[in-house]
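Student: Each chain, written out:
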Amino acid sequence: MYRYDQYDKAMVDARVAEFRDQARRRLEGKLTEDQFKPLRLMNGLYLQLHAYMLRVAIPYGTIDARQMEMLADIADKYDRGYGHFTTRQNIQYNWIKLEDTADALADLATVEMHAIQTSGNCIRNISADHFAGAAADEVVDPRPYAELMRQWSSFHPEFTYLPRKFKIAVIASEKDRAAMRLHDIGVRIVKRDGEVGAEFYAGGGMGRTPMIAPLIRDFVPIDQMITYAEACLRVYNRYGRRDNKYKARIKILVHELGAAEYIRQVEEEFAHMLSVGVEPPREELARIAEYFAPPAFVDGPKTVDRSDPDFALWVDRNTHRHKHDAYVSAVISLKPAGGIPGDATSEQMRLVARLAREYSFDELRVMHTQNLLLPHVRIADLPAVWQALDEAGLGSPNMDTIEDIIACPGLDYCSLANARSIPLAQRISERFAETGRTEVVGELKLKISGCINACGHHHAGHIGILGVDKKGTENYQLSLGGSEAEDVSLAKITGPGFDEDGVIAAVEKVTDVYLAARSDGERFLDTYRRIGMEPFKEALYG
Amino acid sequence: MTTNLGTSPDEVQFRFRDDEPVDHATVTVDSCCDQTNATAVRIEPGDDTRVLLPFLDRLALVEVNFPAFGDGRGYSSARILREAGFTGELRAVGAVLIDQLSHMRRCGFDSFAPDKRLDEEDALRAFATWENVYQRAADARRTIADKRHEA
Ligand code: HEM
Ligand code: SF4
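Those protein sequences? They're chains G and F, same order as listed. For the first sequence, the positions run 1 to 542 when my numbering is used. For the second sequence, the positions run 543 to 693 when my numbering is used.
Simulated from the structure, these hints should not be mistaken for laboratory data. If a hint is listed, it holds; no wrong ones were tucked in.
Simulated coverage check for chain G against chain F, where a stretch passes if three residues somewhere in it have a Cβ under 8 Å from a Cβ of chain F: (1) 35-43; (2) 143-155; (3) 280-294.
Glycine is no exception: its CB is placed at the ideal position from the N, C-alpha and C atoms.
All chains should be modelled from the sequences, with the hints used to inform the complete structure.
Tutor: This is the structure in structure tokens:
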């Protein structure tokens, strides 16, 4: 795992000092709230419905036991004993006081953590494949490249007042487990004739105008990756729309110019930038990569006693193939049936930290599905890990099932919401768990957003639910057929919306149609793609 | 036509140059391209800075206006000018605030004429925020990566 050297540490400390000073000037009235707002946002401090929310960065989702324990301590010390893991591999605390923030940031800095650029119109925390460094199918570990980008994008002097927020994801396999093409820039690290390079996509995003990022370059030599990214950002900074914040994301620029023209401008800027020389020295990537050297895996049993059916189900559902055949990656579900997606108590965080120390080389991941992950677990240790998780309410065998719902904070916390997301997620997962349907239905990704901003990725759900406001009452729109994976697609709306009970019934009806129509091995999404929207509409409105 | 635009040397609060400040008004980018004798120009956020590149030799002062502090186009304008070899005065004017100073400096600005005068002490602290920097930029500072790998 990456470790700060004296420079990284000094940068974060400088940032804490700067924020303390900004908070002081705000309190002394030297900064207006308007002037202070972007500054606090760039330090992860959001104003929600009831209180401030602090969003802490977990770069590319990788975190160790000591850091997880600090997150638990922060939850106890400054919040209400829990935290909320998010789709961008961050953690959010919902009940933070402004006057405590600098102290919380200083505590985080002691374990090489921060809240830098987790909000604001700047380059946000870089996300990555949560199975990075473990997945059997990756070309290389994408995290060194993400770390190189983290350093480049931190306090970037030119790109701190972009037209709008800017999100980057990095993966290194054919499979996309990071919603890469739904980011402002998506990077896939590839190998061509033995050379490592980066495939770049630009102009994806969700929000009110969802778009899938087109490919803008199939191979950027790896020692020009930062230069190319800089060119992409400069074109966006200069020409992204600033007249309307709903049209300010890079997706609108790429869409309005057309991908070909955007590419032309980027290439021109890229050629120029190459002559200026902005790329870090080559040795820097090598230095970073050393920190991500694989841990000392040891050979061991490749199978385990599956006589306990609950355990066997958990293994089947929640473990993922590892590059070493005596290991798997084990998903820690933060989706107990009826629970709040992504929430973890400080006690749970401490337990997970202990398991990471004992069973996973001191490493944990935050997944974009709002779950946690032990990346490297010996197959022989699975029974012990499962038992500990199960006792702590973290053993739900439901990865990628309809219970594994992504939901935004919605009307329970968010001032922009039209409708509640969390209670709906709770009721749906509870209902499917009770009826035993979860297992029957298999892989089905359900995603809920409380308004058009799409923080809950509803456009990318096999089933998406969007909260809309209908004459002051909460109303939900249903959509089908989205995917954030390598088979990326945007979901289509079924028709008129439903009230809360209605939308739960509608989800059940939609799964009825699937179960009746599916052929062998088809997931919900496959069946939908084969038979189309009509049969579903028929069942819902016919 | 020369319109009466721009800031006067009195309005410059911070200046990191030793030469005499230009003491006449700036012209718009359009008039600068038409007028062969203009030596000072003012860039607005929507202007394409690159149209000035053929005239850099005769320019002594470029003002970059920030009508709103959240509009970051001026940062790119500044870097583009420095990358093209502009060595004259590059002045940030308008909504220039304490917390933008360190970034503006890195992008190549060497003088600052804020709409509202800034607290001197706060500003000097702000200029010194970053003892080290991650990125190469217009200020030619050695980056953290450079320092890590120096022989
Ligand atoms: C209460 C706090 C929140 C507010 C006020 C908020 C606000 C917004 C807004 C305004 C957008 C639309 C941006 C645009 O289209 O330009 C957005 C998008 C998004 N937010 Fe949030 N959000 C909040 C919480 C969250 C949380 C908790 C998560 C993670 C679980 C999240 C993840 C996202 C994602 C993934 C997007 C879509 C990105 C895209 O448009 O490409 N947000 N948010
Ligand atoms: S989708 Fe809307 S309701 Fe949900 S968190 Fe985002 S802004 Fe708030």
